[in-house]
Structure formats: structure tokens, C-alpha cells
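I would like the entire structure built from these sequences, with the hints used as guidance.
Residue numbers (our numbering), protein chains in the order written: chain A, 55 to 419; chain B, 55 to 419.
Treat the hints as calculated values from the structure; they're not laboratory data.
Take these hints with a grain of salt, some might be off.
Copies of the same chain look alike in the list, so a pair counts if it fits in one copy or across any two.
[What the hints assert, rightly or not] No farther apart than 30 Å at their CA atoms in a straight line, the calculated lysine-lysine pairs in the BS3-like style are these:
hint, residue 1, residue 2
1, LYS95, LYS56
2, LYS83, LYS56
3, LYS231, LYS56
4, LYS56, LYS410
5, LYS94, LYS56
6, LYS82, LYS56
7, LYS108, LYS56
8, LYS410, LYS108
9, LYS56, LYS227
10, LYS82, LYS108
11, LYS231, LYS413
It should be emphasised that the depicted structure is a prediction, and the values quoted were computed from it without experimental measurement.
2 protein chains.
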Amino acid sequence: MKFYLPTMVFQEKDAVRNHGEQMAHYGKKALIVTGRSSSKKNGALQDVIDSLEKFNTSYVVFDKVLENPGVGNIMEAAGLGRREGTDFVIGVGGGSPLDAAKAIALMIQNRDSTEEVLYQARDLRHLPVVAVPTTCGTGSEVTPYAVLTRDDLQTKQSISHTIFPALALVDGKYLEKAPLSVLVNTAVDALAHMLESYFHANATDYSRMLSQYAMEVWGVAADVLFGTEASEEDYARLMFASSLAGMAISQTGTSLPHGLSYYLTYHKGIPHGKAVGVFLAGYLDILPEEFEPQVIMALRTLGFGSIGQFAGLMKELLGSAELTGEEIEAMADGMAGNERKLAAVPFDVDRGQILKMVKSACAQP
Amino acid sequence: MKFYLPTMVFQEKDAVRNHGEQMAHYGKKALIVTGRSSSKKNGALQDVIDSLEKFNTSYVVFDKVLENPGVGNIMEAAGLGRREGTDFVIGVGGGSPLDAAKAIALMIQNRDSTEEVLYQARDLRHLPVVAVPTTCGTGSEVTPYAVLTRDDLQTKQSISHTIFPALALVDGKYLEKAPLSVLVNTAVDALAHMLESYFHANATDYSRMLSQYAMEVWGVAADVLFGTEASEEDYARLMFASSLAGMAISQTGTSLPHGLSYYLTYHKGIPHGKAVGVFLAGYLDILPEEFEPQVIMALRTLGFGSIGQFAGLMKELLGSAELTGEEIEAMADGMAGNERKLAAVPFDVDRGQILKMVKSACAQP
Chain A
55 MKFYLPTMVF
65 QEKDAVRNHG
75 EQMAHYGKKA
85 LIVTGRSSSK
95 KNGALQDVID
105 SLEKFNTSYV
115 VFDKVLENPG
125 VGNIMEAAGL
135 GRREGTDFVI
145 GVGGGSPLDA
155 AKAIALMIQN
165 RDSTEEVLYQ
175 ARDLRHLPVV
185 AVPTTCGTGS
195 EVTPYAVLTR
205 DDLQTKQSIS
215 HTIFPALALV
225 DGKYLEKAPL
235 SVLVNTAVDA
245 LAHMLESYFH
255 ANATDYSRML
265 SQYAMEVWGV
275 AADVLFGTEA
285 SEEDYARLMF
295 ASSLAGMAIS
305 QTGTSLPHGL
315 SYYLTYHKGI
325 PHGKAVGVFL
335 AGYLDILPEE
345 FEPQVIMALR
355 TLGFGSIGQF
365 AGLMKELLGS
375 AELTGEEIEA
385 MADGMAGNER
395 KLAAVPFDVD
405 RGQILKMVKS
415 ACAQP
Chain B
55 MKFYLPTMVF
65 QEKDAVRNHG
75 EQMAHYGKKA
85 LIVTGRSSSK
95 KNGALQDVID
105 SLEKFNTSYV
115 VFDKVLENPG
125 VGNIMEAAGL
135 GRREGTDFVI
145 GVGGGSPLDA
155 AKAIALMIQN
165 RDSTEEVLYQ
175 ARDLRHLPVV
185 AVPTTCGTGS
195 EVTPYAVLTR
205 DDLQTKQSIS
215 HTIFPALALV
225 DGKYLEKAPL
235 SVLVNTAVDA
245 LAHMLESYFH
255 ANATDYSRML
265 SQYAMEVWGV
275 AADVLFGTEA
285 SEEDYARLMF
295 ASSLAGMAIS
305 QTGTSLPHGL
315 SYYLTYHKGI
325 PHGKAVGVFL
335 AGYLDILPEE
345 FEPQVIMALR
355 TLGFGSIGQF
365 AGLMKELLGS
375 AELTGEEIEA
385 MADGMAGNER
395 KLAAVPFDVD
405 RGQILKMVKS
415 ACAQP
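Next up, the structure:
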């Protein structure tokens, strides 16, 4: 079994301000990559800018990362980074800006290459990446993945290069300004990472240690998703659980719920967290009987009583997917033919089971 | 809180043979650093040599690492490495060769420097280090520490540079040829790492996750130390627990038992594992009352019932230290004046408590 996680992580209140010197040390001029507004509202962008200025490091801001960015969005940012002579990239925000930062760091370093290299299995260098997450789901700050929208394949897919951030600065305070819907959607993404990694063909003792601990931490703070007022500690826990879950999928990858979610996001515009969350109970449900003790352990650790109760609470939290019979069949066909994702499942899964999972994500017909 | 662990780890049967290509990729000519005999008996040295030859990588062997090596031993090996133009270092064996490999990698890279730089707080580069542990205690394959004997200070001390191995190849099979005394001494060192890291001023949620999981794994295999016949799985578990415990002290450092042990090893020639082990029950015993629930949890996880039972079993396993009244006082004085080690203790410890710990390590007077 393998364990690899080279990112230096600091999780604490004011992590960006406390570790500005470490952040600035990766280069002379940073390309800060973020979305249009949330990192301005929650203060993360200002924290990064203040820290860079304090340590006399230049920067330029690209604040046009889209949700589920495509290759065009990446190349636009990389063009700015190339023109401005930036030599490291700081991603600030949720999964979209963090994943984008990795792809952009690759494209700036390889300045004479075109976008085709993103999905080519080649050994390429990349600029150092610093990640500042402001949502509690992606875990991208400690994963080597960079999932982009691929219009050519009508889905989302991680680039072919594994790019771990050099530095992750993790601070729960950025969650304070997030709307409950964002908290829910991203915390459910982290939950999916824990469960998909724990019940994964590539799970190891190392990855299970991480996903199990993530479940413990997530379970303590989960009431927040159901409307309980959140404390500073709850935000820190949700953020910590998200990083731990990211570390877990760094070792294993994800499984069927993530695989199926890309259809919902690409074709139906459903946000990532909901798009994976609607499949979680169904995934646990199709696990063969020998997994039952582990499923019960996992659910209890998370604070749920049974698969049925868990399914009900997820529906309450996320609602269902609205899919036609045709779409349901298309999804089952697509996944049943996706050998890479099927290899992630820790048992022999057939099309009938996938169909059952997809149907379980829909409202009662 | 910080988490940093950049070493790529493979733990599995035949790890060295399975990952020869990764090992060979760190350079053109390796300096293999090992002790006089054990890595020949357990097959680790041959595995390394065969893997390098398979991938057309030159090497030279330095098989004269002493137990608790001093600076002279390091410089002798570094001299060979410099003359032979080696560009990476592979440590094979227990803690002594692995720690030595790190110091040697520093001294080969900085070829015009003298041994003084080992203990200077300077930012220096080092050759890549590959670590192949053959005992289940050091954890050095995943720590940045390199403890050497310092005759000038009459003690052991880690060098001033933090050097994580780039690659750790961990295989329980090398324990099969180890005498029971070596298994005991090294597994108790790992046990000390778990307990000292868990009850440490620098403990974080990350380090506690690692030390707690290490205790679970260690506890399952611990019967082996008391004479139960070991299975292949037991050896793998002891090796895994040792790596996990190493990861834990990578985040926190060690505490009083390690600090006190150096006196016993330097002045009394007591092997490292026993030298730390005799202080473990005493360390748990001086923890203030508020730690009691955690102490009980830790002992139960390890498979022990109480501090008293644990103390008895450790005495059965290791015996005691033979110390004069003068030596006992000298040790308490030394530690009570060691500010760096005192800062590792998660409460305000006084000389009286240290004296109690030292006395608890001795046979009844």
C-alpha cells in the first residue's frame, strides 16, 4: 500500500496571516486565482493580498474562475499569468478555483504548450500552488486532482497530471459568511469523499485511518447542516473534516457517486455537493452483505442510525434529482461502461445495481 | 496546527523489489548505508542491490554504520560517497543506519563543508534519501530526525537539519530473522513514540490520529513480544505501527522518556528501546489527573489494563536500569535543566516528578 501526501498544511484561525512568509516564499509574483465574489465577502482574498504585501511579493488577481471551469477559463487565466511573469499560483475559494489553480500552474510553467497537454499522460512540471479553501467540501487543498468541465466529452474529468499544492492554509472562519446552502452542499461533498474512499477498491489502512477520523470530526459538527447555530469550533471541524476527507481520496480516488454526479452537474446544472449527495445512501445500499458491519460503523460514527434514516435525512437536506426514464437509463449505461470508475468499486457491480442507485436518487415516481 | 509528511511510503511484502524503479529514479549512483551484518541476514541489502542492478543504477556499499553512530562514523561514510560520486543515499537497517543516511546525505551534498554544519541552524540542501527499515521501532523512514552520538556533550542529539526521506520502502518480512530481543527493543521504541507523541505539548488532531491508530495496530500484534509465535501479519503490523508512530513524532517530537534515555545509552550502554521503555510507565504516572481518561484509553487501546499492570509488564519485558543514587540525581538535574525537552511536556513538570520517573525505571533498591 502507498501513502503520499506532500502538501504542507496549516489549519488554524488566521492561517493565511500567520503563514504569510511561507506563502510568499514560493516565488516573486503570484497569480491569485479566485471566483467573482465569495472570496471578497469572506475576507480570504484580502488576507492573501495583505500577507503578500507584508512580505513584498507582487501579485495579479484573476477573479473570473467559473463554477465547474472549463479549459477555456483555464487558458484565459494562464494567459494572464504568462503575460504577467507570475511564478506561483494561489487558489482561493471552493473546489472550482482550487482545481483551476492547479491546471493554471501547469499551463503557465509549460508556456509553449497548448491546452491539449492538460489531458495527456506526460510528465510535466508545474509552478508551485498554494491553496486557501473557503468551503468545507472540496479537500482540493490536499489532493492532486483538478476536475474541469470537458465539453468535448459532455462531462467533468480530472486532468491527467497529479498536482499537490505545496502549501494549504486552512481556516474555518471563511465559512462564517457562507450561506447555509453552500455549507450543506460542500459538507455533503466531504461526506461523499469519506464514504467513497472508505468503501473503495483502493482503500488501505492509511486511507481508512483518514476517512474514519474524518467521519468522527464531521459527525460532531453535522447538526449545523440541519439548522443548529454554528460555533467557531463547528466551522473549524467542518473545514478539518473536509481536509481529512481530501487526504483520504488522495490515496484512493472517488467511486460511483462522484462518477454519476458529473452527469447531473453537466446536463442538469445541479451543484456538485447535491449531485454526489443524492447517490450516497444508494451506494451504501448496494454494498454486499459482508460490508454491513463497516457500513453500520461508518453511519454511527457520522451520527446516523441506519441506511434508511441516512437516506431520509439526505433527501430532507438535498432534495432529489429530477430525471426522466431516458436519462436514468443513459446514466446507468454510461456508468456500466466506465471501466475506470467500476474498478474503484470494492465488489463486482452490475448494471442493475447502478440503475438501482440512480433511481434511489430520484423523487418517488 | 501543522501537518507535514512529504515522504512517499510503500508498505507491503517485497516493497523494495516492487518499487525498484522508483528507488533507482533518485540518481545515477547510490551510496547504500547499512550496519555490519543484520541487513545481510534478513535479505534487505540484497533486495536493494538486486533492484538497483535491475534498473541499471550504480552503487557503493558502506556497511560500517555503528550502533548510535557518531560524527566520525558519518564523515567516514560521507567521504566514501563524495569520492565515489554518489548522488543519492539509501539507508538500510534499524534507526542507526537510517538516521546516519540522512546526515550522510547532507554531508555529501555540501562537499566542501566540515562536520560542524551538522549542528548548525543553517538552510542546507541534501541528497535524496531512500529508507528501508528492517526493525519495527525507529520510524526514521518517515521522520526528519537524525539522532547521532555527541561525545562533546556526552549524549545523543538530533542534527539541526530536518531531512525527510523522499521514499520509504517498508516490508515486515525483514523482521522474520530478527532475534526476539531486537523485536522487543524496537517495538518498545515505537510504543514510546506513540505515547510520547500522544501526551505531548505539541500534539494536534493530526498527530493524535496517527498515534492513536498506531496504538490500535501495535496492540493487535503485541503478544509477539511476550513470546507468542508471530505470523507474517504480525510482522507487517509491528512494522506499520512503527511507521505510524514515526509519523506521529514527525509532527510533535518526543518527550521525557526519550530525553532521559540518551543518558542510559551514552553512559550505561543500554540499547535505545530498553532505555526509553523503562521510563514509559513512569511518564504516564506523573501526568496530572486531567489526563487520566486519555491514559486509560491509550492503555486499553494498546491492550493493557492499568498503569500498574503496564509497569509490571514493561519490567518483565525489559528489566530495569541499574543506577547509583548519584546517577539518578544527575539525570534528574540534567533533565530539569533541559528547557527544550521540558517544553515538550504538556504540563508544568518539576524536578521532583522527573526524579520519581527516573526512580521508577530502577529495580527496587
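Quick rundown of the hints versus the structure:
Taking the closest pair of Cα atoms, LYS95 and LYS56 come within 30 Å of each other only across two copies (26 Å); inside a single copy the shortest separation is 40 Å, beyond that limit. Taking identical chains as interchangeable, the C-alpha atoms of LYS83 and LYS56 lie at most 30 Å apart only when they sit on different chains, with a minimum of 25 Å there against 35 Å within one chain. Within a single copy, LYS231 and LYS56 get their C-alpha atoms only as close as 38 Å, which misses the 30 Å cut-off; across copies the closest is 25 Å, which meets it. Taking CA atoms no more than 30 Å apart as the test, LYS56 paired with LYS410 passes in neither setting, with 33 Å inside one copy and 43 Å between copies.
In the homo-oligomer, the alpha carbons of LYS94 and LYS56 lie at most 30 Å apart only across protomers (26 Å), although the nearest pairing inside one protomer, at 39 Å, exceeds that limit. Taking the shortest alpha-carbon separations for LYS82 and LYS56, only the inter-copy value of 24 Å comes in at or below 30 Å, while the best intra-copy value is 34 Å. Taking the shortest Cα distances, LYS108 and LYS56 sit within 30 Å of each other only across copies (22 Å), while inside one copy they are farther apart (39 Å). For the identical chains of this complex, LYS410 and LYS108 are neighbours neither inside a copy (55 Å) nor across copies (49 Å), given an alpha-carbon limit of 30 Å.
Only between protomers do LYS56 and LYS227 lie at most 30 Å apart by alpha-carbon distance; the minimum there is 17 Å, versus 33 Å within a single protomer. Taking the shortest alpha-carbon separations for LYS82 and LYS108, only the intra-copy value of 13 Å comes in at or below 30 Å, while the best inter-copy value is 42 Å. Taking the closest pair of Cα atoms, LYS231 and LYS413 never come within 30 Å of each other, the shortest separation being 35 Å inside a single copy and 56 Å across copies.
Hints 4, 8 and 11 from the list above are not met by this structure, while the remaining hints are.
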